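Engineer: The lines below spell out each chain.
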Amino acid sequence: MVQPSEAVTLLVTLMALPIVVSALRRIGMSTGRRLFVAAFCCVIAGQIFTILEGFAYPDLFNLLEHYSYSAAGIVFATSVLLQTGSKIGSAR
Amino acid sequence: MNQALVIAGTITAAAFVAAAISLLAYIPRKWGGSSAPMLILAAAFMLEAFIGFSNVLQYAGVTGALDLFEDFAEILFAPLVVFSLFATEVQLRLREQERASRVVQSEHDMLLSIVDTTPSGILIVAPGGHITFANEAARSMLGVAEDEGTGRLTAEAWEMTDESGAASSLGELLDAPEATGLKRAIVFPDGKRSALIFSVTTMGDHSSELGGAVVAVERAL
Chain A
492 MVQPSEAVTL LVTLMALPIV VSALRRIGMS TGRRLFVAAF CCVIAGQIFT
542 ILEGFAYPDL FNLLEHYSYS AAGIVFATSV LLQTGSKIGS AR
Chain B
13 MNQALVIAGT ITAAAFVAAA ISLLAYIPRK WGGSSAPMLI LAAAFMLEAF
63 IGFSNVLQYA GVTGALDLFE DFAEILFAPL VVFSLFATEV QLRLREQERA
113 SRVVQSEHDM LLSIVDTTPS GILIVAPGGH ITFANEAARS MLGVAEDEGT
163 GRLTAEAWEM TDESGAASSL GELLDAPEAT GLKRAIVFPD GKRSALIFSV
213 TTMGDHSSEL GGAVVAVERA L
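Here the protein sequences line up with chains A and B, keeping their order. Sequence positions in the first sequence follow our numbering and run 492 to 583. Sequence positions in the second sequence follow our numbering and run 13 to 233.
Hint data in this document are derived by calculation from the structure and do not stem from the laboratory. Take these hints with a grain of salt, some might be off.
Stated by the list, open to error - Taking beta-carbon pairs under 7 Å as the criterion, some of the chain A residues facing chain B (in silico):
no., residue
1, Val512
2, Ser513
3, Val571
4, Leu573
To be verified - Over 10 Å on every C-beta distance to chain B, these chain A residues come out as not near it, computed from the model:
no., residue
5, Met492
6, Val493
7, Arg517
8, Ala529
9, Phe531
10, Ala536
11, Ile542
12, Phe546
13, Ala547
14, Asn553
15, Tyr560
16, Gly564
On a predicted model such as this, the values are computed, not experimentally measured, just so you know. Just so it is clear, CB atoms sit at the ideal spot from N, CA and C, and this is done for glycine as well.
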């Protein structure tokens, strides 16, 4: 069973993905850009698993959902550290 | 199963908090712009950290009260990320424009300084014979001044003659494009005489906006 809020959330995030990719390219964020996009994709994966757990294998998809968000957090943190680390390094 | 979910929630919360703190630790002072885009992105990360924290509380059996707010937090994440990236891009573009504008202004000031301090007179004469620009040396040699009423540049009512003594004018010089070393004599209204050498270069063609000619003036020895 699909919750309306889950479907809308996934739709909004999917629409945001190409915008995020093109914006990162125009900003000229080279260091950590791919990681940032990968982390965003992990968030999308988590939202997909949220919807799938309503149809089959609820425990498995629930677990995958939460670890997708965990992976997203780790990859976002790495991406930000790489980007800010390079800027701070150049500032010094 | 619940233990695995608590671990996942803890990792999520900790990782997103770390991302937010890393972002806030780098405030773009160098950029000279505001840190609003970074704050917006950090807020997006904190929303995800909140979701992780809510899941920890839920699966650890503490409380499920925060579960209601998870949907709102999830739906806000993507728009906040997009908005922060766009705000960053706008800041960068504005900064580039300001930098380019400063460079152009600096070059303009330098060129103006060169034109104004050169000992040779430089005039720009429009197709009709009107003076549209005159540097300091040209204003001194030809008695050019700005009319207080109209703001237009006008020369004193001198009379110009060529080498043969025939009457001449600035407008006539435009009929001799790319000419150099044109000797002319000028008699000012107060009787003062001045021998000058003119060199003319056309500026664009007469149909273009610029039109007219650049005239260089030197005092004849």
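Engineer: Which of the numbered hints above does this structure break?
Structural biologist: 1, 2, 4, 7, 9, 14, 15, 16
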